[in-house]
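Asks: For the protein sequence lines, the chains are A and B, in the order given. So the first sequence is numbered by the numbering used here: it starts at 2 and just counts up by one. So the second sequence is numbered by the numbering used here: it starts at 2 and just counts up by one.
Hints should not be assumed to be uniformly reliable.
The list treats identical chains as one, so a pair stands whether inside a single copy or across any two.
To be verified - With a Cα cut of at most 25 Å, we get these calculated PhoX-like pairs of lysine-lysine:
#, residue 1, residue 2
1, Lys217, Lys241
2, Lys158, Lys50
3, Lys158, Lys226
4, Lys307, Lys219
5, Lys50, Lys241
6, Lys217, Lys145
7, Lys145, Lys219
8, Lys226, Lys307
Since the hints were made in silico from the structure, they are not lab data.
There are 2 protein chains.
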Amino acid sequence: MANKRRTVSIVAAVMCSLVPATMNAHATDPLPSWNDGKAKQSIVEFVQKVTSPDSPDFVPPAERIATFDNDGTLWSEQPMYFQAFFVFDRIRALEPQHPEWKTQEPFASVLKGDMKSALAGGEHSLAQMVMATHAGITNEEFEKTVTAWITTAKHPKTGRLYTEMVFQPMLEVLTYLRANGFRTYIVSGGGIEFMRPWCERVYGIPPEQVVGSSIKTKYELRDGKPVLIRLPELNFIDDKEGKPVGIQQHIGRRPIMAFGNSDGDFQMLEWTTAGTGARFGLIVHHTDSVREFAYDRDSSVGRLAKGLDEANGRGWTVVDMQNDWTQIYP
Amino acid sequence: MANKRRTVSIVAAVMCSLVPATMNAHATDPLPSWNDGKAKQSIVEFVQKVTSPDSPDFVPPAERIATFDNDGTLWSEQPMYFQAFFVFDRIRALEPQHPEWKTQEPFASVLKGDMKSALAGGEHSLAQMVMATHAGITNEEFEKTVTAWITTAKHPKTGRLYTEMVFQPMLEVLTYLRANGFRTYIVSGGGIEFMRPWCERVYGIPPEQVVGSSIKTKYELRDGKPVLIRLPELNFIDDKEGKPVGIQQHIGRRPIMAFGNSDGDFQMLEWTTAGTGARFGLIVHHTDSVREFAYDRDSSVGRLAKGLDEANGRGWTVVDMQNDWTQIYP
Numbered sequence: 002m003a004n005k006r007r008t009v010s011i012v013a014a015v016m017c018s019l020v021p022a023t024m025n026a027h028a029t030d031p032l033p034s035w036n037d038g039k040a041k042q043s044i045v046e047f048v049q050k051v052t053s054p055d056s057p058d059f060v061p062p063a064e065r066i067a068t069f070d071n072d073g074t075l076w077s078e079q080p081m082y083f084q085a086f087f088v089f090d091r092i093r094a095l096e097p098q099h100p101e102w103k104t105q106e107p108f109a110s111v112l113k114g115d116m117k118s119a120l121a122g123g124e125h126s127l128a129q130m131v132m133a134t135h136a137g138i139t140n141e142e143f144e145k146t147v148t149a150w151i152t153t154a155k156h157p158k159t160g161r162l163y164t165e166m167v168f169q170p171m172l173e174v175l176t177y178l179r180a181n182g183f184r185t186y187i188v189s190g191g192g193i194e195f196m197r198p199w200c201e202r203v204y205g206i207p208p209e210q211v212v213g214s215s216i217k218t219k220y221e222l223r224d225g226k227p228v229l230i231r232l233p234e235l236n237f238i239d240d241k242e243g244k245p246v247g248i249q250q251h252i253g254r255r256p257i258m259a260f261g262n263s264d265g266d267f268q269m270l271e272w273t274t275a276g277t278g279a280r281f282g283l284i285v286h287h288t289d290s291v292r293e294f295a296y297d298r299d300s301s302v303g304r305l306a307k308g309l310d311e312a313n314g315r316g317w318t319v320v321d322m323q324n325d326w327t328q329i330y331p
Numbered sequence: 002m003a004n005k006r007r008t009v010s011i012v013a014a015v016m017c018s019l020v021p022a023t024m025n026a027h028a029t030d031p032l033p034s035w036n037d038g039k040a041k042q043s044i045v046e047f048v049q050k051v052t053s054p055d056s057p058d059f060v061p062p063a064e065r066i067a068t069f070d071n072d073g074t075l076w077s078e079q080p081m082y083f084q085a086f087f088v089f090d091r092i093r094a095l096e097p098q099h100p101e102w103k104t105q106e107p108f109a110s111v112l113k114g115d116m117k118s119a120l121a122g123g124e125h126s127l128a129q130m131v132m133a134t135h136a137g138i139t140n141e142e143f144e145k146t147v148t149a150w151i152t153t154a155k156h157p158k159t160g161r162l163y164t165e166m167v168f169q170p171m172l173e174v175l176t177y178l179r180a181n182g183f184r185t186y187i188v189s190g191g192g193i194e195f196m197r198p199w200c201e202r203v204y205g206i207p208p209e210q211v212v213g214s215s216i217k218t219k220y221e222l223r224d225g226k227p228v229l230i231r232l233p234e235l236n237f238i239d240d241k242e243g244k245p246v247g248i249q250q251h252i253g254r255r256p257i258m259a260f261g262n263s264d265g266d267f268q269m270l271e272w273t274t275a276g277t278g279a280r281f282g283l284i285v286h287h288t289d290s291v292r293e294f295a296y297d298r299d300s301s302v303g304r305l306a307k308g309l310d311e312a313n314g315r316g317w318t319v320v321d322m323q324n325d326w327t328q329i330y331p
C-alpha cells in the first residue's frame, strides 16, 4: 500500500510537469516586479477575462496575439537606439577597409567620436550608415556579427551589456502571457535581422515572431552554395503607420494586446484596440531619471506626446516606471 | 481499494490526454494514404531520426520547420491555378461596376468566357486582372470576399469545392509532422491574403504560418476607424528565388524539410537541403491522369523539369502520385 501510494505520487508528479502552466498561473504572483496598482491590475484583469472559459470576453488561444515594441518598451533606448551604437561600432571596425571614410561624412564624424555631427545629416546620413554596415554581406555573416557584438558590447552610461538593460517587469509580462496561451511578438522599428539573433535567448521570442524594419535580400549561388545577400536597399519601415502593415503582413491577425512606449507605437495600439471584443493597449512612460531615463514630449528618441494625451480617452494603460515598477533591470 | 484504483485510472486517463501526441505517433500508421515504398519510407525515417533524442541527427523542436508549396503540392492546380478562377469569378461579379470592361482587354475576353485570350497578354494582363480584383478594398473586405468564394465556388472539371481538391496524403504529412513537434508553413507563389482565410480550417495552418505573394497595403483612418487598404502595387513575389527570401523574411530560420512540386519550388528545396545537419526535400510528381492530372516538363502551369532532372543527385524524394498514393482527395 505504501509502495503503491509512492508510485502513484511519482506518476502524478511526472504528469503534473506536463500540465500547462496556465493551470498554475494564479498560484503565485506572476508579476512580482510590479507594484500593486492600476497598471498591474489592468494586465491581470484583462488576461483573466480573455482566458476564463466562462467569461463573456473569452478569446480562443489561436487569437491570443500580443505585440510588443522593443526600443523603450522591452529594453532601454537612451541616449540613442542601441542599434545606433551597433552601427557606430561597425563603422569603427570596418574603418581599415574604407580609407575614404576618413574624409567622408557622416563616417568621418563617427571615426572622430563626434556622434552629434554624424547624426546631424538626419535620415539620409543614417540610411547611409545603416547600408554601409548592414548590407553587402550574407544573412549568416550579419547574424554572426550581431551575435558577437550583442554578447560583448557595453552601454556607455551603465556599463552593462545591452541585453542586461531589458526591463524585468516586461520579461514577467511576456512569460505571464505565454503561460496563458498567448503568442508574444516583437513589432519594432529596429532591424528585423538585428533582433532575431538574440530575442529568443533574451525574451523567449523566436525569430518567426519578430517583426521589424528590413532591407532587401537576394538569393544567389556563391561557389555553388546558396546564400541570401543583404542589399543596400530599403525593404520596409516597421514604424508608425508601418506597424499595423507589418503586423498584417507577418501575423495575418489583429493582436488583442499591444505594448509600446512612444508615438511610433500609436498606430499599433490604435489598430489593436479598434478591433471587436476585449482589447488592451499599454504605454510604458519613462519617468525614472534615477534608475533609468526620464523623457517624453521633448525627446528626439522615443518621443511620446500624442499617446500621453490620448491614452486615457482610449482606455489605454499608462505605466509610470518610477512608481509601477519595483525593479527596472534584471 | 477498487474505488482508489478507479480514481487513479481516471486521473491517469486525464493526464494522458495532456501527453504530447509525439509519444503515441508510432502506435498506428501516421500516413495511411501512402503505399509502402521509398517515398513514404523516406518521410518516416527522416522524422524518426530528427526527433529521437538519442539520434545523432536530433533536431530540437524550435528548429523543426517544414515548408510546403500550396498549388500542386497541397491541392491541385490544373487546368490553371485556383486563384485564377477566383480572379475570373471576381471580374464577372464586378462587371456591373465596370461598364468599360466590355471593350477593354483582358477583361472583355474574361466576360466572353474566353480565358485563353484573357491570359494571352502574359504577366502584364494577369497583373492587371489581379490588381482590379484584389486591390482598392480593405483587408477585411477582401477576406470576406475570399471566404464567400472558397466556400461556394466549384472546380469546372471535378465539380468539387476547391478545398475538396486538397491531397489527403499531404494532409496526413502535415498532421504527422505537427504531432512530432514541427511547425508547418505554407510558402506559395499564391496570394498570402487569398490563402489565409481558409488555410487554418483546411490544413490546420494558422495565418501567421502562411507566406505568399503580396500587394502593398496602407494604414489609414476611414470615418475615424483604422483600416488597411490594399493598393494596386506589387509588394513581393514569393516564387523561385523569392521563396528563400520570403522564408527568411517571415520565419527567420532555414527549414529542415521542404515540399514542392514544380520548378518554382526548386530554390526553396535547394536552400532547405543546403543547410547543415539532416535535411529533407520532396517533389510531388503529378503522374495520375485518371484520379488527378498528369503533367511535368511541358505544362505551362506547375512546370517540372529541373527538379525532375536533379532530384536524384540531390537526394530529394520524388513522389509518384499514381503509385505512391492510395487516395488523392479526402
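Asks: Hint by hint, note whether the structure agrees.
Replies: Here is what the structure says about each hint:
With identical chains, the CA atoms of Lys217 and Lys241 are at most 25 Å apart both within one copy (20 Å) and between copies (16 Å). For a Cα distance limit of 25 Å, the shortest separation of Lys158 from Lys50 qualifies neither inside one copy, at 41 Å, nor across copies, at 49 Å. For the identical chains of this complex, Lys158 and Lys226 are neighbours neither inside a copy (43 Å) nor across copies (43 Å), given an alpha-carbon limit of 25 Å. Proximity of Lys307 to Lys219 under the C-alpha cut-off of 25 Å is restricted to the inter-copy arrangement: shortest distance 21 Å between copies versus 39 Å within a copy.
With identical chains, the CA atoms of Lys50 and Lys241 are never at most 25 Å apart, being 29 Å at best within one copy and 45 Å at best between copies. Taking identical chains as interchangeable, the C-alpha atoms of Lys217 and Lys145 lie at most 25 Å apart only when both belong to the same chain, with a minimum of 19 Å there against 31 Å between chains. When the C-alpha separation of Lys145 and Lys219 is checked against a cutoff of 25 Å, the pair qualifies only within one copy, where the shortest distance is 19 Å, while the shortest distance between copies is 34 Å. Proximity of Lys226 to Lys307 under the C-alpha cut-off of 25 Å is restricted to the inter-copy arrangement: shortest distance 17 Å between copies versus 50 Å within a copy.
Of the numbered hints given earlier, the model fails hints 2, 3, 5; all others are met.
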